[in-house]
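*Asks:* Those sequence lines, one after another, are chains B and L. Just so we're aligned, residue 1 is where the first sequence starts under this note's numbering, counting upward by one. Just so we're aligned, residue 1 is where the second sequence starts under this note's numbering, counting upward by one.
Any given hint could turn out to be false.
Have a look at the derived ranges for each label pair, beta carbon to beta carbon [stated by the list, open to error]:
#: 1; chain 1: L; residue 1: 16; chain 2: B; residue 2: 323; range: 30 to 38 angstroms
#: 2; chain 1: L; residue 1: 576; chain 2: B; residue 2: 328; range: 30 to 38 angstroms
#: 3; chain 1: L; residue 1: 592; chain 2: B; residue 2: 148; range: 21 to 29 angstroms
#: 4; chain 1: B; residue 1: 328; chain 2: L; residue 2: 16; range: 39 to 47 angstroms
#: 5; chain 1: B; residue 1: 206; chain 2: L; residue 2: 733; range: 29 to 37 angstroms
#: 6; chain 1: L; residue 1: 571; chain 2: B; residue 2: 275; range: 42 to 50 angstroms
#: 7; chain 1: L; residue 1: 820; chain 2: B; residue 2: 21; range: 38 to 46 angstroms
Calculated pairs, DSS-like style, for lysine-lysine (alpha carbon to alpha carbon, straight line, at most 30 angstroms) [what the hints assert, rightly or not]:
#: 8; chain 1: B; residue 1: 22; chain 2: B; residue 2: 81
#: 9; chain 1: L; residue 1: 388; chain 2: B; residue 2: 206
#: 10; chain 1: L; residue 1: 797; chain 2: L; residue 2: 782
#: 11; chain 1: L; residue 1: 100; chain 2: L; residue 2: 51
#: 12; chain 1: L; residue 1: 806; chain 2: L; residue 2: 782
#: 13; chain 1: B; residue 1: 206; chain 2: L; residue 2: 23
#: 14; chain 1: L; residue 1: 814; chain 2: L; residue 2: 836
#: 15; chain 1: L; residue 1: 23; chain 2: B; residue 2: 277
#: 16; chain 1: L; residue 1: 2; chain 2: B; residue 2: 206
#: 17; chain 1: B; residue 1: 59; chain 2: B; residue 2: 36
#: 18; chain 1: L; residue 1: 23; chain 2: L; residue 2: 461
#: 19; chain 1: L; residue 1: 382; chain 2: B; residue 2: 296
#: 20; chain 1: B; residue 1: 277; chain 2: L; residue 2: 9
#: 21; chain 1: L; residue 1: 382; chain 2: B; residue 2: 206
#: 22; chain 1: B; residue 1: 277; chain 2: L; residue 2: 151
Note that these hints are calculated values from the structure, not bench results. As the structure is a prediction and not an experimental result, all values here were calculated from the model. Built from N, CA and C at the ideal position, the CB exists for glycine as well.
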Amino acid sequence: MIDQLSAIEQEALAALQAVNAKDALENWRVTYLGKKSPLMTALGDLGKLSREERPAIGKRGNEVKSALEAAYADRVEAIRKAELQHSLTAGALDVTLPGRPRSRGRLHPHTLILREMYAIWAEMGFQVYRARDVETDEYNFELLNIPPHHPARDMWDTFYTVTPGVILRTHTSPGQIHAMHEYCPQPIRVILPGMCYRYEQISASKGIQFLQMEGLAVGQHIRLGDLLGTMSEFSRRIFGPDRQTRFRASYFPFTEPSVEVDVSCANCGGTGCGVCKYTGWLEIAGAGMVHPTVLKNGGYDPAVHSGFAFGMGPERIAMLKWGISDIRYFWGNDLRFLEQF
Amino acid sequence: MKVPISWLKDYVDLTLSIEELAKRLTLAGMEVEHIEYYGVPGSDLVWDREKIVIAQIVEVRAHPNADRLVLADVDCGGAASAGTALHQVVTGAPNLFHLKGQGRLDQGPKVVFAKEGSVLYDGHEAGRVKMTLKPAKLRGVKSDSMVCSEKELGLSDEHEGILLLDEDAPIGMPAADYLGDAVLDIAILPNVARAASILGVAREVAALTGQPLKQPLYELHGTGPQVNEGVKVEILDPDLCPRFTATIVRDVKIAPSPYWLRRRLRLAGQRPISNLVDVSNYVMFDVGQPIHTFDYDKLLKRAQARGDDRPTIIVRRAKTGERMTTLDNVERELNSENLMICDALGPIGVGGVMGGLETEIDDHTTNVLIEAANFNFINIRKTTQQLKLPSEAASRFGRGLHPAMAPRGNIRAAILIQQLAGGTIDTGLLDNYANPAETVTVTLPVAEVKRVLGFDLEVEKIAQILESLEFTAEITNQKHLHRAADAVPVSEIVVTVPDHRTDISGPHDLIEEIARIYGLDRIPLTALNDEMPPQRNNPSLAFEERARDLLVRVGLSEVVTYAMTTPQAEAKLLPGERPDDRPFVMIANPISAERSHLRHTLLAQLLEVAAANSRHHAQVALFSIDKVYLVTEDGPLPDEPRRLSLVLTGAREPESWTRAGGHESDRTALDFYDLKGAIEALLDGLHLDGAHYEPIEHPTYYPGRTARLVIDDRHIGVFGEVHPQVREGYDFPEQPVVAGEFDFEALMAVVPGVSRISDVPRFPALTEDLALIVEDKVPAEKVQATIMAAGADTALKRAQVFDVFKGEQIGVGKKSLAYRLTYQADHTLTDADVAKIREQIVKRLREELNAVLRG
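Excised from the complex, chain B in its bound form (with noise of 0.2 angstroms):
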């Protein structure tokens, strides 16, 4: 009987050297250690040995099943191992090949630039006010000192409705007569950005609609050097800090002394290309102290209240910081563009 045990655990071992693979491992638990196997029926039998055998034959089996269980757990962890290990070395994917595609929207970037804006301007006090696009030539005009058939309405190109003294905005100069009736006495700084109208050829660099952002600070010590220290400080935050700002002299009939801010040309550092026609020089935002007519057509008194004001094209702006060539791309509205965002 002993004999018989120790050929069932040679018999087994020597089975499970050749087992592989999970099925047939689980073949050779159920031949070897199932209940209907020699061993379990042998050990089953136990019963019916004499008193004498029983001791010695019981301790043979359970050594024997105790063996055949660690050999096959040993096993068990063998093939897991094996297996593991093909895996790991067979299951390489082509790291190279695309990821599955996520539908991604896109901002357009006329929101982009002007929150990029917003938040400069907001780190500097300065708030979004905005106002309606369809105005009265009234606040477009006259509140900001361009009386009817001056000479200064040749800048801008206006569109009329078929309403008498009912226009599209040329530019967001309007919002500040707005502003300040809503908020004299309170100082003010605000940004109004918004779109302008103007019966222009549309071309590389102008159009009929365009994005315009105003800003207009108003208080009691406003200096013409704040509106120069201000635009130098927004130049150096759009555009990063190696950009030299420049101001000229300018003309506009509702700000006086009035300027014209240049940033020096990112593609040329300013030494003259194509970009900037060779001046070295590129254009962002015309601007100027608030002048005393507008100051008291928005209710404030100019010997107490003074102010600045400027204007700048987002557009512009976009195009100078990411290089977009034409602004007919802001309006065509091309998802070979949009998708560059």
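Let chain B serve as the given structure and place chain L on it in line with the hints.
*Replies:* For chain L alone, kept in the frame of chain B given last:
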């Protein structure tokens, strides 16, 4: 305005390089947009100073072998003792042929002579191609030099003959010194009418560089009869014509202008015509006063026809309906807003805008009447616009000129006509100054300069800047008004404005001048340190930006379209319907037929954009948030509410190798439920509960595939699959297009302020599935609502439909809906708890919707 440097030097000495001068002018408000160089460094073609010189042709001889060439002997100075220093040039210049065979010329023409080795433009090539002069034989005669045309020198495209200079051109002088030039192209702002002349720019240059201005002389030395015996002037409307001056020059001879004047006009951008015409233009460019010339004999004839001994010029408003033919041979009808120049017989010109055809000077004119007048600038602008007659003169008058300029311009013109065309000037200047301008004085408190500019400037420095611009500045320190706090005496400067400045009326105007001339680049930059205003949020903008981000997050891209469109373009959304009959904001002067009205909807243009992109994109998902313009009864201005519009079309998933059978044709198309999913994602992101969707009919959309979004009983908008007839109006491929438009203001109104966040449940949820069969016409939203109502106040938290099935197995006209029910409580739920709730739900479904549980 084009400003030749050589002309500018008539009035001011230049102490800066041209580039430095351009920079100073630019910073001071006269932006130099471009500098054009001729022959001098900076030019594409620099004339060699040794090789290209002024010379005189002393003899023109026949070419021995060619009729179309001549030999010219040229004296270019130096050791020019008769004959030895002459160069022989072979030339085909037709404007020398008439001198052929005349032997030695006493006053041979002055020319530009280029020696061997000179670099010039090739006159025979199109455009500007450089060439170097090399020795050659022309039909057997040696040639190593050239007499130049304007084209060869790069002065113009003229190559018909060689350039013939004025008699006084100095022989031997480098051409670069005599003809070389640089022309500044200056953008003249509307308020600097004063600088729309060479003299005006010179005045600025003088102030900026500290040089004195060389004032022109305005002295008339007439020797003819008294001018007022020759003409009378009556101004009937002095509000529109404050001043009118006249001079008469008799026995003039019309001829081409001398070279120097033709050259200056060309550099200034004006085509030379004849001496009389050229003088008018020249004086306008030179000192800024427009001039008009009449043929005096024609005026006299008209006067004599009425029995008058001399013409009377009458300046008056036109009578309504009055007609006249202007110089451009167009008969024009005028009205009482237009100012006419008339004589006793009728109109002879539109004041300041254009002269009349009948009294125009012509080739036979011998006696000239010169008009230099002053007009009301607003009236000029109105007339120019009304008659659509823009001109250099009208643009100058339209910016506002001072009446003082009229006699000056007139005297300049008379002298110049006499100089160029001979004749005698009548004695005296007829000067009818009916409405004299007042001298403007401005009191400038010195403290105001600091208040505006932000830094101290000495009072003497301020005065000096103003004086450099020809203001007179009187400093008054004697006012013993003391400010209590600092006891600094109040200084003021009393400033008298010179008569060329019509733009100065108050202290601010002067402060601008001070800043400009002092130099903006010298003003210290400061940061705002004034009181910070109350800071305010902008909820309307914040909401808009939040909606944009939510839509981008679900894969839609933002587009921006024009506010201007046409009712026809929007009518495409309503096929076979009565078109939108709400009034539009209509543009009075549209730039094109496609941009004539302000939009009522974003959707029409969004569909256009989507169709255009479908040509190169398999998937197009777009949105726009923008204004529409709705005419109201409340006033002249429209309402400008915002709309949100969305369009989806094309493949649901982007093309990818990971898709099974990744062919485009296998991909399923975006449909109604994709759009609804995007809308739900938006509402979810906005924390909006309680949205419901009503099936409706709408002409833009497919019947049965259209819904209205309703929140809190407010109609937010309509969306659905675009009606095939609408889709056909756009250039879409054969695929469904889903779209919608929402009232963004209404949406904003229903969005809750701050949403509260609930705790994460501590006990596990139980889920179970419930499949039921209902009549097909029962909307899912109703089933859902019934389930949630039945489970109200129980552990039921959510019911989510996960399967919809229609088929024979469940019977015709029926559908099966399968819901996953989620139960959650603040204790661990048992199956028994849930069974009870489920029983309620099933009962309610059966009772209310006749729903049957699906086995």
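*Asks:* Identify every previously stated hint that the structure contradicts and give their numbers, smallest first.
*Replies:* As far as the earlier hints go, not one is violated by this structure.
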